[in-house]
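Q: If you read the protein sequences in the order shown, they are chains Y and P.
End of the first sequence = 198 in the working numbering, gap-free, step of one.
End of the second sequence = 164 in the working numbering, gap-free, step of one.
Treat the hints with caution; some may be incorrect.
Below, computed lysine to aspartate or glutamate pairings styled on DMTMM-like, alpha-carbon distance capped at 20 Å [unchecked claim]: (1) Y/K64 <-> Y/D5; (2) P/K149 <-> Y/E108; (3) P/K154 <-> Y/D5; (4) Y/K64 <-> Y/D119; (5) Y/K197 <-> Y/E61; (6) Y/K64 <-> Y/E108.
In short, the hints are calculated from the structure, not lab data.
All figures in this text were calculated on a predicted structure; none of them were measured in a lab.
Residue strings, one per chain:
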Amino acid sequence: MNLGDYRLLYVLTCIGLALIIVSPTLAMFVRLPGSESFSELWILGPGHMAEDYPFNVGANETYKVYLGVGNHMGGSEYYVVYVKLRNQTESLPDNLNKTPSSLPTLFEYRFFVRDQETDEREVLFSFDGASFDGNTSSVQTLTLDGLSVDVNECAAWDQTNSGFYYQLFFELWLYNATTSGFQFHNRFVGLWLNVTKT
Amino acid sequence: MLKRDYAFACIVALTLVLAMRLNVCSALDQSEAQAAVANADGGLASAYGAVAEAEQAGGNVTQLVASLRVAGGLLDDAHDAYRIGDYDRAYSSASNCSSEALGIASQAASLKVQAEQASSNALFFTVTLSSVVLSVFFVLSLLGWRYLKNRYEKRVLGLRPELR
């Protein structure tokens, strides 16, 4: 190695060390791209596990599930979960077009979740005023966490699955500070419930 | 005479208090409840915005997020009560939510100022320290190069063949 090679090696070593010295300052200005941002929405059964979900539900009986939201959006987020009820023929949210269900909201839950954290609520529900008439059934009232709302929902007898099926589903909406409003976050979870006489 | 005036003033005050109390207890109409719920909606969104700004400034918002959850629960209750036509409960919950939200927004604003100050101080300290260390390193590297260069030249000169 001649002197020129030594000089080059020395300069490169010095530049490397200088970068290490200024790296704490650079880290305060340079923002590296974060990982993919997303949110989670889930329902757990009464044992806080993904099992034993209520399915055959009797009128006037109370059932318990857990509703949870997870935040991986890179900062604290403000969510609202809208609770809706449908029968087998009514609309669900459209994942492809990212549109919510057109059905009315029955209840709502607000979640403030910090980044990389989760929040969970206990949801107690019951159906009241269930009536059965031949191939149709109807439910008059849905009670959620002690608050009752008139739903007047009807369902036809499902011959394939032998039951009167209703779906209690939860839509996740995210607060958008730019528009100062909530936007459907294209996530929903639901429970199929076979409402029975007892 | 003074006693009579005092008694009269007491009766008037009591009547006014009762009148106000009755007004509060009376059933609220839908528009009042709706306005209170809308106000609470806006207040909570503003409080969330303030907390998000404080967080971006580097503040620890754990406590504020917990307070937002409490206020959010009140707003849930207000919306649910409004939906089932319980306007008194909707108004009450919405009003409580609004006052909670105001407190949160105020705390978040002061936290943001503190966080920005701390961040500014940290930036100044880091830049100053880096500059000093970099300057010392630059001087040392020049001296080091001079030393290495001299050593190299001596070694090369030592290898030069000499005539005897």
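Q: Sort out whether Y/E61 lies within 20 Å of Y/K197, counting only the CA atoms.
A: holds, 11 Å
Q: Against the 20 Å threshold, does the CA-CA distance of P/K154 and Y/D5 hold or violate the hint?
A: Distance of about 17 Å is within 20 Å: holds.
Q: Between Y/K64 and Y/D5, is the straight-line Cα distance small enough, at 20 Å or below?
A: Between Y/K64 and Y/D5 the Cα gap is close to 75 Å, so the pair fails against 20 Å, i.e. violated.
Q: Mind checking the alpha carbons of Y/K64 and Y/E108 for me, to see if they're no more than 20 Å apart?
A: holds, 16 Å
Q: Please verify whether P/K149 and Y/E108 have alpha carbons no more than 20 Å apart.
A: violated, 76 Å
Q: Under the criterion that the straight-line Cα-Cα distance not exceed 20 Å, is the pair Y/K64, Y/D119 satisfied?
A: The hint holds at about 17 Å.
Hints 1 and 2 from the earlier list are contradicted by this structure; the remaining hints agree with it.
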